[in-house]
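Asker: These are the residues of each chain, in order.
There are 2 protein chains.
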Amino acid sequence: MAEFSIIDTYFNRKNGNSVDLGVGDDSALLTPPPQQQLVICTDTLIAGRHYPLDTSPHAIGWKSVAVNLSDIAAMGAKPHSILLALSLPQIDNDWLKGFSQGLYDCCDQFGVSLIGGDTTQSPHLTISVTALGWVDIGKAVPRSGAQVGDYICVSGQVGDAAFGLRHLGHPLQQRLDYPTPRCQLGQQLKGLAHSMIDVSDGLAQDLGHILAASQVGAEIELNQLPVDAALKKLQQETQWQYALAGGDDYELCFTISPQNYEALLQQQLDINISKIGQITKNLGLTFLKNGVDCPIQFHGYQHFA
Amino acid sequence: MAEFSIIDTYFNRKNGNSVDLGVGDDSALLTPPPQQQLVICTDTLIAGRHYPLDTSPHAIGWKSVAVNLSDIAAMGAKPHSILLALSLPQIDNDWLKGFSQGLYDCCDQFGVSLIGGDTTQSPHLTISVTALGWVDIGKAVPRSGAQVGDYICVSGQVGDAAFGLRHLGHPLQQRLDYPTPRCQLGQQLKGLAHSMIDVSDGLAQDLGHILAASQVGAEIELNQLPVDAALKKLQQETQWQYALAGGDDYELCFTISPQNYEALLQQQLDINISKIGQITKNLGLTFLKNGVDCPIQFHGYQHFA
Chain G
3 MAEFSIIDTY
13 FNRKNGNSVD
23 LGVGDDSALL
33 TPPPQQQLVI
43 CTDTLIAGRH
53 YPLDTSPHAI
63 GWKSVAVNLS
73 DIAAMGAKPH
83 SILLALSLPQ
93 IDNDWLKGFS
103 QGLYDCCDQF
113 GVSLIGGDTT
123 QSPHLTISVT
133 ALGWVDIGKA
143 VPRSGAQVGD
153 YICVSGQVGD
163 AAFGLRHLGH
173 PLQQRLDYPT
183 PRCQLGQQLK
193 GLAHSMIDVS
203 DGLAQDLGHI
213 LAASQVGAEI
223 ELNQLPVDAA
233 LKKLQQETQW
243 QYALAGGDDY
253 ELCFTISPQN
263 YEALLQQQLD
273 INISKIGQIT
283 KNLGLTFLKN
293 GVDCPIQFHG
303 YQHFA
Chain D
3 MAEFSIIDTY
13 FNRKNGNSVD
23 LGVGDDSALL
33 TPPPQQQLVI
43 CTDTLIAGRH
53 YPLDTSPHAI
63 GWKSVAVNLS
73 DIAAMGAKPH
83 SILLALSLPQ
93 IDNDWLKGFS
103 QGLYDCCDQF
113 GVSLIGGDTT
123 QSPHLTISVT
133 ALGWVDIGKA
143 VPRSGAQVGD
153 YICVSGQVGD
163 AAFGLRHLGH
173 PLQQRLDYPT
183 PRCQLGQQLK
193 GLAHSMIDVS
203 DGLAQDLGHI
213 LAASQVGAEI
223 ELNQLPVDAA
233 LKKLQQETQW
243 QYALAGGDDY
253 ELCFTISPQN
263 YEALLQQQLD
273 INISKIGQIT
283 KNLGLTFLKN
293 GVDCPIQFHG
303 YQHFA
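Order-wise, the sequence lines are chains G and D.
Residue numbers for the first sequence follow our numbering, beginning at 3 and rising by one.
Residue numbers for the second sequence follow our numbering, beginning at 3 and rising by one.
Among the clues, some could well be false.
It does not matter which identical chain is used: a pair holds within one copy or between any two.
To be verified - Once the Cα atoms are required to be at most 25 Å apart in a straight line, the calculated SDA-like pairs of lysine to any residue come out as: (1) Lys192 / Pro35; (2) Lys192 / Gly140; (3) Lys192 / Gly24; (4) Lys141 / Pro36; (5) Lys235 / Ile93; (6) Lys99 / Ile48; (7) Lys192 / Pro36; (8) Lys192 / Thr33; (9) Lys141 / Gln123; (10) Lys16 / Ala215; (11) Lys291 / Gln37; (12) Lys192 / Ala265; (13) Lys141 / Thr33; (14) Lys283 / His169; (15) Lys141 / Leu23; (16) Lys16 / Ile139.
No lab work stands behind these hints: they were computed from the structure.
Please model the entire structure based on the sequences and the hints provided.
Answerer: Right, dumping it as structure tokens:
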């Protein structure tokens with residue numbers, strides 16, 4: 003089967019947002035909505051590295067979109083469309099059917115269109131997705147805006163996906179296989195949060211990017227970390243390890259003024275928010291247990307260990 | 003070395019066009035120029051498949067950008083920026099230095115910025131680039147606009163890259179390693195050409211996409227195919243095979259009314275244009291030799307043979 007047949011068979015569905023020209027030409031064409039900035043990112047999934055080798059093709063398709071929409075959400079932007087660069091060892095129609103279904107399921111859930119891509123043969127399955135979104139001009143939430151005194155918040159639970167990876171078959175594996183990009187929350191935080199990042203490499207490491215970009219420090223209250231009931235049964239140190247160094251949760255970590263935090267809580271949110279600490283003038287990341295210094299070392303996911 | 007160090011060391015140069023937020027946040031941010039449509043595409047290079055394994059890292063970096071800018075050019079658009087999804091087996095600083103230099107050299111030559119990306123570890127070197135460009139609203143040149151009576155033209159020479167691949171060390175290998183996207187010509191054809199595609203899989207196959215999308219046929223005069231002096235020494239059938247089925251030339255193939263063709267020739271062009279045939283109402287691709295039917299079978303590059 004040639005590249006063209008793969009695209010026609012699996013990746014040529016009409017869906018989501020309208021585009022001026024989609025799959026099937028040299029490039030896709032979009033007319034920008036008025037008064038919006040383009041938000042764009044790309045993320046790659048490598049078989050056996052970003053998901054277990056026996057992950058279902060449907061979950062791989064879902065996740066390849068979700069991790070990118072999470073980066074769009076972390077800017078406070080509304081996702082619009084994706085491009086898919088798919089490198090496959092061979093044509094496996096069952097795999098392609100499941101993968102494309104998972105990809106479209108995630109697109110449909112978040113109102114996103116597949117508008118272009120490239121399919122090629124490679125010794126190793128590699129999936130790079132590029133995601134596009136739009137945000138009101140000047141309203142995007144960068145990593146660099148954290149201010150001293152901001153509350154530090156995180157959505158949902160952290161450590162779930164890492165626990166699921168360590169305990170395949172446990173219900174938390176669902177969080178590893180089918181992460182939920184926080185698209186609605188991200189857009190609600192536009193104009194409220196001072197800085198934001200999505201938690202892909204571990205909360206401590208990802209928060210560290212906010213601190214570095216904003217040239218501030220942070221205090222984190224360990225007892226406030228939102229962890230699943232399954233993690234609460236573990237030793238405290240192990241819980242924290244999952245919560246702070248576990249990757250792949252795709253929750254949003256953001257900093258927000260106390261005043262805006264109150265405003266946020268007045269809104270209807272589709273996911274819980276936990277206040278886990280505060281931005282400080284003193285650089286570095288300090289951990290507290292019930293308000294008392296509790297020094298620990300955490301390392302997030304290193305792409306090249 | 004972590005992903006973050008690779009990006010800081012090799013891919014964090016300021017260059018080309020201004021962006022509102024570039025490498026180093028969850029996503030990049032761009033403000034669309036007024037009255038323009040966004041043009042976007044993605045193309046993957048797989049080591050050993052899209053270039054010989056011993057290709058210099060500088061050439062790989064160049065080519066990974068060039069093949070994408072060629073897709074932008076084929077829409078009649080002006081290239082603006084790229085994102086890089088780079089999957090590497092290991093950290094090889096010499097390789098990264100050469101690769102990033104080649105990538106930036108191509109960016110600089112065509113006024114393009116690297117605005118984001120993702121670096122990850124993979125068993126097999128895989129490079130996916132996404133390219134963005136802008137075109138006046140309604141002026142993009144699609145594949146689907148060919149009209150009966152249009153001249154069929156191609157820029158530069160075809161068959162060079164395939165000949166270079168078969169004869170490594172020959173000067174034509176340069177055309178394989180360092181393809182030149184026809185960015186200026188592409189923009190000059192905006193408003194003049196009726197349909198356009200870039201020649202990546204072989205002229206016959208790529209022209210076939212124009213014919214299918216436009217629901218027309220074509221006659222090609224074999225003696226008009228622009229081939230290099232090195233190819234002219236070969237048997238005629240072999241020449242034609244290179245010219246029609248050889249991929250990787252990244253020339254532009256377009257159809258244009260006779261009137262607009264004359265207007266095009268009045269302009270200053272940075273590359274030769276050859277008129278090789280004409281669009282017909284009869285479907286299919288017909289080959290002529292000095293005006294007489296000369297049936298031959300050609301197959302372009304199949305991504306999954």
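Asker: Now tell me if each hint is right for this structure.
Answerer: Now for the hints, and whether the structure bears them out:
In this assembly of identical chains, the alpha carbons of lysine 192 and proline 35 lie at most 25 Å apart whether taken from the same copy (18 Å) or from different copies (23 Å). Taking CA atoms no more than 25 Å apart as the test, lysine 192 paired with glycine 140 passes inside one copy only; the shortest distance there is 10 Å, against 32 Å between copies. With identical chains, the CA atoms of lysine 192 and glycine 24 are at most 25 Å apart between copies only, with a shortest distance of 19 Å across copies and 29 Å within one. In this assembly of identical chains, lysine 141 and proline 36 lie within 25 Å of each other by CA distance both inside one copy and across copies; the values are 14 Å within and 19 Å between.
Within a single copy, lysine 235 and isoleucine 93 get their C-alpha atoms no closer than 44 Å, and across copies no closer than 39 Å, so neither meets the 25 Å cut-off. Taking the shortest Cα distances, lysine 99 and isoleucine 48 sit within 25 Å of each other both inside one copy (19 Å) and across copies (23 Å). Taking the shortest Cα distances, lysine 192 and proline 36 sit within 25 Å of each other both inside one copy (18 Å) and across copies (24 Å). In this assembly of identical chains, the alpha carbons of lysine 192 and threonine 33 lie at most 25 Å apart whether taken from the same copy (23 Å) or from different copies (17 Å).
Neither within a single protomer nor between protomers do lysine 141 and glutamine 123 lie at most 25 Å apart by alpha-carbon distance, with minima of 40 Å and 34 Å respectively. Within a single copy, lysine 16 and alanine 215 get their C-alpha atoms only as close as 40 Å, which misses the 25 Å cut-off; across copies the closest is 17 Å, which meets it. Within a single copy, lysine 291 and glutamine 37 get their C-alpha atoms no closer than 46 Å, and across copies no closer than 55 Å, so neither meets the 25 Å cut-off. Only within a single protomer do lysine 192 and alanine 265 lie at most 25 Å apart by alpha-carbon distance; the minimum there is 12 Å, versus 50 Å between protomers.
Proximity of lysine 141 and threonine 33 under a CA criterion of 25 Å is satisfied in both settings, with 20 Å inside one chain copy and 12 Å between copies. In this assembly of identical chains, the alpha carbons of lysine 283 and histidine 169 never lie at most 25 Å apart, being 39 Å within a copy and 63 Å across copies at closest. Taking the closest pair of Cα atoms, lysine 141 and leucine 23 come within 25 Å of each other only across two copies (12 Å); inside a single copy the shortest separation is 28 Å, beyond that limit. For a Cα distance limit of 25 Å, the shortest separation of lysine 16 from isoleucine 139 across copies, 22 Å, qualifies, whereas the shortest one inside one copy, 29 Å, does not.
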